[in-house]
Each structure stands twice: as C-alpha cells, then as structure tokens.
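*Asks:* Construct the complete structure from the given sequences, taking the supplied hints into account.
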Amino acid sequence: MQKFGCIQGGANITMAYFDDISLQYIKEESREPEKMGNSDFEEPTEEYKIPNWVPYLNPPVENTKVIVTDEEAYTGKYSIKLVDGNEGQSVGVISGIQNIIPDKTYIASVYAKMVDENKPGANLILLEL
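For our numbering, add 25 to where a residue sits in the sequence shown, where the first one is 1.
Possibly wrong hints are sitting among the right ones.
Said to hold, decoys possible - When the alpha-carbon atoms are kept at most 25 Å apart in a straight line, the in silico PhoX-like pairs for lysine-lysine are as follows: (1) Lys74 / Lys138; (2) Lys74 / Lys102; (3) Lys102 / Lys90; (4) Lys90 / Lys74.
FYI, nobody ran anything at the bench for these hints, they're computed from the structure.
*Replies:* Rendered as structure tokens:
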C-alpha cells in the first residue's frame, strides 16, 4: 500500500500542529494540488479515530498523542496536534494514497508549526511507495 504521513519526533519532547496536506503530480501543465482525504482534518472524529488517517506507530507509543484540535488551524477550524512526550520516539499519522505513478515527480506540502522552538525536533513528511 502506498502511504503518506506526517511525523513529529526527535531526541526531545516536542509538540507540533499539521494542516492542509496535499500531494501534487508535476507535469508540463500546472494544476491545483490534490488534497488527500480529510487533509484539513475538518471531518468529525469518532471515538478518537481520525477519518482517512491511522497512527504512524500502532499501537501508539506511551506518552504520545494524536489529537484533532481547534487550537492552531492554518485554514478551516481544525488541525492535527502531535505530542511527542517520549524522548527518542516519534508520533505521527499516515494516510493511504492511490494513483501514484512510478518514476514521476510529486510535490508534497503540509503546514507545520513547531510549538517549542528551543527544543530540536523534526517535522517529517513520509511518502512510502
């Protein structure tokens, strides 16, 4: 299965917000990026399940959280909040993607905001084919 995800992690305890995730196929004519399912996290959650997204590590690692929140949205009302409270571990979400063409160029984009700029951490975009 082809996967796309956002991961927060590093050697320190960190927190970040993600919103408006897209994947764009690059060809000669330009076009709008195709947003992935629930890429803006506006769809209602049910029992802590986020539509079209699954935890990066399943089951999640102790002291990590994945939450849909209205604290820091880039557009719309909601974004996803990743809390990495476990040094040396990562937390994230992954969504399945379809229609990826091998040997083609894509641009992945996401709005990411680190909360504690004094602690080194990493915001990563994962594309697994």
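*Asks:* Which constraints among the numbered hints does this structure fail? Numbers only, ascending.
*Replies:* No numbers; nothing is violated.
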